[in-house]
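S.K.: Residue-level listing of the chains:
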Amino acid sequence: MYENETFSNESTSGYQTAVALKDGWYVLCSSEELGSQPIRRFLHGEPLVLFRDSHGQPGVLLDRCPHRNVPLSRGRIRGGDLECAYHGWRFDKQGRCREIPCLQRDSSDAEDKLRAAPCFQSCEKDGYIWAYAAIDTKPDHEPPKLAYTQDSDYSVLRTHRTMECSIHAAVENALDVPHTRFVHGGLFRSGSRRMVEVIVRRWYDRVEAEYVGESCPKGLLGRLIAPGGGVVRHFDRFILPCIAQVEYILGASTHLVATVAFTPRADFRTSMFGTVALRTRLSQLPWPLNQSNCVLGNVLKPLGLAILNQDRDILYAQRENIHQFKSEEYCSTELDTLGCAALQLLRSAANGKLNPDMEPRTQRFRMHA
Amino acid sequence: MYENETFSNESTSGYQTAVALKDGWYVLCSSEELGSQPIRRFLHGEPLVLFRDSHGQPGVLLDRCPHRNVPLSRGRIRGGDLECAYHGWRFDKQGRCREIPCLQRDSSDAEDKLRAAPCFQSCEKDGYIWAYAAIDTKPDHEPPKLAYTQDSDYSVLRTHRTMECSIHAAVENALDVPHTRFVHGGLFRSGSRRMVEVIVRRWYDRVEAEYVGESCPKGLLGRLIAPGGGVVRHFDRFILPCIAQVEYILGASTHLVATVAFTPRADFRTSMFGTVALRTRLSQLPWPLNQSNCVLGNVLKPLGLAILNQDRDILYAQRENIHQFKSEEYCSTELDTLGCAALQLLRSAANGKLNPDMEPRTQRFRMHA
Amino acid sequence: MYENETFSNESTSGYQTAVALKDGWYVLCSSEELGSQPIRRFLHGEPLVLFRDSHGQPGVLLDRCPHRNVPLSRGRIRGGDLECAYHGWRFDKQGRCREIPCLQRDSSDAEDKLRAAPCFQSCEKDGYIWAYAAIDTKPDHEPPKLAYTQDSDYSVLRTHRTMECSIHAAVENALDVPHTRFVHGGLFRSGSRRMVEVIVRRWYDRVEAEYVGESCPKGLLGRLIAPGGGVVRHFDRFILPCIAQVEYILGASTHLVATVAFTPRADFRTSMFGTVALRTRLSQLPWPLNQSNCVLGNVLKPLGLAILNQDRDILYAQRENIHQFKSEEYCSTELDTLGCAALQLLRSAANGKLNPDMEPRTQRFRMHA
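Protein sequence lines, in the order shown, are assigned to chains A, B and C. The first sequence stops at residue 1229 when you use the working numbering, and every number in between is there. The second sequence stops at residue 1229 when you use the working numbering, and every number in between is there. The third sequence stops at residue 1229 when you use the working numbering, and every number in between is there.
The following block holds chain A by itself, in its conformation from the complex (with noise of 0.2 Å):
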């Protein structure tokens, strides 16, 4: 039942944890962040520059001017393209050098080349900028879909924040368990606890647990969502490369799905992008009265928002303490199943080892919940 190969005990010198996973799709910033003035955005410890071109199409290049090391991000935008405030070099969306000031004369193919800005492939969905992660690189897949956001039987809400930790301790606390009952008192879960089975499936790219037999959520958050009681369908779920989802459906009218898009912006620093998607019995009626959307902005974002604050506080003290240290040390159980999967899963990713004709594998344990 409880299978050994789930987790592992492990002590590291020098931060070995942090992984930095190239080949993938990340989130930036919300569309809303990126208007008509360049920003800086940082990816994987880098400062990258998000401007939009003059079809307000998003472009992303390493925030370095090639010429004297100025952040392009400190320059303005001139007839679409990306003006450097400290000689006015300009660059378009894919990097190319468009103009030199003062200079009489053409280029050659090579000084282009030398002198173009570094581009990262970018996108807008579902709300968000995103680039991808590998630097002049055609990636030959999309961004993910973000769950149920684009549904209008579905309230949803967002929101982002950056906390001081390494994406996959991020990761970990959001799909976590035990914790809720320490960190979120009774905000979240409380109460009589009971056994509930666990059920693990992991394919190539992505991991689940499924509990079978827990009792509808308990706490203030529970009895809003969910003031009937009764039993409860909870997946949580880690997609490679950056995304967390926390599934809840109670009998046939609530579902809730909530997912992150995790950012490492560098090894030990963090920005969620969140989406709750609420489904309740009040969505199907006619309106007035389907007011999902206001218990969620009303009820749940403020609950939502201080169990983020909490989830920050008790991230930011295990960071602070591994850099006391300059060491992790982890000692794990069957509990932390979830985490040490989605560990495996980035640092197989980020050695080139995941393999896609793997065989899907279920495992179980319980827990008391």
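What the hints contain is simulated information worked out from the structure, not anything from laboratory work. Since this is a predicted model, take the numbers as computed values, not measurements. Check each hint, because a few of them may be wrong.
Identical copies look the same in the list; a pair holds intra-copy or inter-copy alike.
Derived lysine to any residue pairs resembling SDA-like cross-links, with alpha carbons at most 25 Å apart [stated by the list, open to error]: (1) Lys1186 with Glu1024; (2) Lys1186 with Trp1063; (3) Lys1186 with Glu906; (4) Lys1186 with Phe902; (5) Lys953 with Asp1000; (6) Lys953 with Tyr1190; (7) Lys953 with Phe1042; (8) Lys973 with Arg1226; (9) Lys998 with Asp913; (10) Lys973 with Arg1093; (11) Lys1186 with Arg934; (12) Lys998 with Glu1219; (13) Lys973 with Phe1185.
Following the hints, position chains B and C against chain A.
M.R.: The following block gives chains B and C in isolation, referenced to the frame of chain A:
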């Protein structure tokens, strides 16, 4: 008379003189600082968590939960055990993991070992919480006794503060005579100087300097503790691993012993826990005339604190310059005998080269004091 | 015409372009900054202490007491010598230790050598305190003369400030033409541009660019110093190890020479000590009509300070990005000839590869200016 072996000139790069001696008891905090909540204190650059079990006995563990690196000092006490703030793992005074919430099975011995928090032997003595600096080690000796602090003939004053310097620099400063005229000006020594003979006695684990022919301390301090003047016996001592002591005997009745326990918080941060025990002619009078305490608290204390502040400032300047140069230079004379001997003792001890069978040795030199 | 050797494209990691040239005189501070108290100033990352002896002559020592590492700049002057604040050791202008308080015996020559503070040759000239950067070395040449600062036909303005960048980046910025339109906008150059020929002349220890066919400087600054407009002679120069110079000649009467002595405080911190010498038609009129001074102080000075602030800001942005990327990328064109040549000179000098017998060389290129 003046022997060359007593001091050395040395130039280092990389801060070699910071000595981390693990084989010894150090004060972590005063008894009053440790209440019903766990607290964090540093020793040799590592954070430790201190707490009291249900009997009030102190426990000291490495301040990192073996599960997910969170500081245990963020947790709380439950039934005398220390509960981690993240997932609620509980540890007793010996560092044993006593509970993992949600886990539905018993642990194996191997698991128990992995899940234990590294432990430091600790005890409460003379008003302080002491810890033995070697991890998971049972020492063969007790913490040192702080002289006269429990003797009812003596009035006792305590103070502690943290200084930004190596333990060696702090010890040297505490036992150094020549600096007092420059750093402490009129507060301490001043006025005419005379030739004094210094007898240095060395044992395998300590060194002592006796000043023969010294006149009564000048300045405000001297006039207060020895209004009659006269010849004085004055000893300065360093005792491994962390005790500096200054003793003045003036005639039959006045006796002042200042004992400092130094704690190396990190290579260049040192706490000092100081006790001053004073017996004067007043001490032998019946109440309400035995006002040693009053002299100590109202006159000596503010003077002593001013002196400590001046020393802290000059030691900080010294430390900042060592960091600025990323190296240390030492050019010593016989006046630095005690500081050099203390450093030699610390280094010998750290290298396991103390020899308890060593014959005591004596040297002499003369100085203007 | 355009020769490829005049500049290079390079990519570094580890900040290779910060060149620490020890064989040269640098300004440490202005004469007024050094009064009766010792002061600390940095050169090449090392703190130096500056003081005046009893004749007012400057002395410059490494700012660390050889006894216990304390900054000598915390001390005070006693009889023309510098007394350390910790134990009172005294040093003269040559760094010799003249007294050790409390020590009752004379010192040997070997001891004198160990106890000396490393010394830098220094002098006071043209209103500045200069030091030769190689430790304990007597240079075979004097500090450079700052052009026209002692000529009564010229009005002279001085300013100094510290910028967060390498000396190379500061020199390049001071001598660069194309950035003025982008960084300084309307304050400096603007308006229509014309084709200008640039003649670059190189000697073994300096490089000069002459701009032929340039119209009178545009913008406020141009209109003030050359209200009549007309053709201008304009030279930009770099002279090893630290002098940048901009010279404008407008007709027979107007002559402006801005000379900057740069001081590398650290790899990425550079002070500039600037003098502007101006002779205009007004200078030749009798008092009170010879108001060059007034133009210089009331009009040019605020404009110049605004320009310096803009340069300081863009250089800071450049430096921050170099630190962010932990590397530097340079992709140059012929417009960067002077900056690239200055860096080559600094590197050749640092590697001991200057050849005084080198034949002067001339190159030409054209630019829009």
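S.K.: Could you work out which of the previously given hints the structure breaks and list their numbers from low to high?
M.R.: Numbers 2, 10, 12, in rising order.
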